[in-house]
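As a plain string of letters, each chain reads:
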Amino acid sequence: MKCVNPLAAPDSMADRFPTLCEVFSPTATDGAATGFVLAQITPKARGPIFWVQDRLSRHEGGRPHATGLAFLLGRPVDLLYLEVRRAADVLWAMEEALGCPALAHVIGEVWGDPPALDFTATKRLALRSERSGMQAWLFRRAARTDLSAARERWHVSALPSPPMPDDLRAPGAPIWQAELFRARGRMPGRWVARHDTANGRLVMGHHIPAPDPAPPLRALG
Amino acid sequence: MALKTRRGAAVPADAPFALMVEGPHGPVVHAANPAAEAAGVHPGLRMVDARAVCSDLRAEEADPRGDRAALLDLALWSRRWCPWTTPERTGIAMDVTGSTHLWDGEPALLREIEARLGRMGLSVHLAIAPTRGAAWALARFGSGREVCGASDLAARVALLPVRALRIREETALLLRRLGLRTVGDLAVVPRLPLARRFARAEPKDNPLLRLDQMMGRVPEPLPCPDEPPRFLARAALSEPVLDPTPLLPSLAGELCSMLAAKGFGARRLALTVFRSDGAVSGVEAATARATRDPRHLVRLFEGRLETLDPGFGFDLVTLGATLAEPLSARQPSLDGQRDEGEDLARLVDRLGVRFGPRALSRPAFRESHVPERREAWVPALDPSPPAPPVPQAPRPLRLFDPPEEVRVLYAVPEGPPAQFIWRRVTHRVTRFAGPERIAPEWWRDRPGTRLRDYYRVEDHEGRRFWLFREGLLGDGRGAEPRWYVQGAFG
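Chain order of the listed sequences is X and Z. Position 215 of the first sequence, counted from 1, bears residue number 330 in the working numbering, the numbering being contiguous throughout. Position 469 of the second sequence, counted from 1, bears residue number 485 in the working numbering, the numbering being contiguous throughout.
Pulled out of the complex, with its shape left as it was, chain X reads as follows (with noise of 0.2 Å):
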């Protein structure tokens, strides 16, 4: 196994040991994760994508959109898309895929806390993702962050883009506030992301440092 300088930021995330990480964002709507997730594909992985969905993530959030995930990464994109009832069936296809070396990442999304998606089911998928070198990526929505063997745990919404050059009223490029909260072999933190678009891969940008806890609330006399 690779060894990851454990206080070194992430900036270098491309190169770094393929596993499961999981990926939760504050509202069901939000696309930054799903961005956040894409800007690690690099033009390297051979291969579909394979992405698997429950009914209710799809509903709330929508189904990925080839022709978008093309324009992002600047290539057509080999999508296998499978669309399911149940968060079990989630997890079992995600376990099925990561067999299959044919693919090159395996995306998965749960909605909510379904009791299939334990410490168990979780420890299943990453050491499946060790053991076939494929990195595998979990969506969370609408979860608590409970127990999980997931080897990073990453927060990831959206923040307010830069302006672009040519016009000040369009969104610019997408920035991303990125929270590594939990991670093996690494220093958690939290991160400002970008994705660069010439070299297809993901950027992290200056570190924020964790905001100290709230000072008690005084009643002024």
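Worth flagging that the hints you see were computed from the coordinates, not collected in a lab. Treat each hint with caution, since some may be false.
So the derived list for chain Z, only partly shown, Cβ under 8 Å to chain X, looks like this [unchecked claim]: (1) 359; (2) 363; (3) 377; (4) 379; (5) 415; (6) 419; (7) 439; (8) 446; (9) 447; (10) 472; (11) 477; (12) 479.
Some chain Z residues flagged as far from chain X (calculated, every beta-carbon gap over 10 Å) [claimed, not checked]: (13) 41; (14) 131; (15) 156; (16) 206; (17) 210; (18) 277; (19) 331; (20) 371; (21) 396; (22) 414; (23) 476; (24) 489; (25) 493; (26) 495; (27) 504.
Now the stretches of chain X that chain Z is said to cover, found in silico as 3 or more residues with beta-carbon under 8 Å [claimed, not checked]: (28) 148-160; (29) 187-193; (30) 198-209; (31) 215-222; (32) 280-286; (33) 296-308.
Predicted model only: the values in this text are computed from it and were never measured. We put the beta carbon where it would ideally sit given N, CA and C, even for glycine.
Fit chain Z to the given chain X structure using the hints.
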């Protein structure tokens, strides 16, 4: 003998109905029912002209490939009456020589065929004649159920129009302009000038050759397609068993050796179990690629046999390949690399078995500007479609299908939104780009479909959405324009 099947559609016979195909200049009529033909709609007419002469015409897309496949199936099924049958472009030809006595003579055979096909919902035009050409002509231009002997062949076909010679419409028109209206007219004309005139015509379109074939002067053998091979492995048991799972590996092995002997691979499988009290049930599975790997076939049925109700036990289990494709033997490459397509096909099979063959899909690119039409989701079992190309303008990563209506505040009705409420959350728009106008596709959309003005907006928290306004104020296509959110950007 020839037989013509009319495409059966679930429409009343007295309502005009037509099937259309895409022609070089728009859709043309492919086939029409009698009511439509009475109104002046005939095959080859442009669809716009057909709608002009018959305003209440209903039309659907024809499926010529499906029709051909169905006709081939019907031709193979017709071998119950005689061993030589072949599908034609619009009908079936059967060589009943030597088999009519099994059916009590020719008229009785025709009655039997008509009754059998009538029960399948098909109306038929039948004829028995000494030659294939004459049977073809009499089935289409004769009385509908006709038996013509060798002695009265010349007299019977002499009255038929020249179109009955299986020639192209242009050639028939030329003959009519020459004053040759019936087959009899053509038969009495001296051969030499006719042969000279049609010396350059294709053999299939040469009226003299066709006439000779009809009269039996030139032999015309019937090409007879082979029946597709059938693959079925059976396990007959002396004692009923409650669980057929242990039998599966040996059945799969037997089936795969049968497939390998013929050079085929299975695409669709059916496991059928016969209960000792006579009830029959089964499980089906499909594969993305032709395969004859017994272990893979067994895995496809894993966990699915529990749904079968065993009753007092099964005494016969069969495993058949209901659809098989040629599959040549492959050699693994020298460097020991695995075939990635093979791995992917197996994954598709296993997911298809568990979630249904249509659940796993791939985006297929369609020529359209309307976002939800640009991508069609096709089952991954089908051959892989072209992936959507890289678009010129930004497109969202996630698409809400169908688009969700939002309530919008705006400064001017034609302008961008200032604020919108979606799912009871208020989003204040801080940045926007647009509009990008996508007009309705008049060749596909219903009349009155409104245009869409798309905006990329960013709200006060940095979330980005793809909104559109349907229509413009005062475009004469409805009331106030409505707003929808269709996608989310990363």
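Taking the hints in turn, this is what the structure says about them:
no., hint, result
1, 359, "4 Å, holds"
2, 363, "4 Å, holds"
3, 377, "5 Å, holds"
4, 379, "4 Å, holds"
5, 415, "4 Å, holds"
6, 419, "10 Å, violated"
7, 439, "7 Å, holds"
8, 446, "7 Å, holds"
9, 447, "4 Å, holds"
10, 472, "6 Å, holds"
11, 477, "6 Å, holds"
12, 479, "5 Å, holds"
13, 41, "31 Å, holds"
14, 131, "47 Å, holds"
15, 156, "49 Å, holds"
16, 206, "66 Å, holds"
17, 210, "59 Å, holds"
18, 277, "30 Å, holds"
19, 331, "34 Å, holds"
20, 371, "6 Å, violated"
21, 396, "6 Å, violated"
22, 414, "4 Å, violated"
23, 476, "8 Å, violated"
24, 489, "22 Å, holds"
25, 493, "27 Å, holds"
26, 495, "27 Å, holds"
27, 504, "3 Å, violated"
28, 148-160, "holds (count 5)"
29, 187-193, "holds (count 6)"
30, 198-209, "holds (count 5)"
31, 215-222, "holds (count 4)"
32, 280-286, "holds (count 4)"
33, 296-308, "violated (count 0)"
In summary, the numbered hints that this structure violates are 6, 20, 21, 22, 23, 27, 33.
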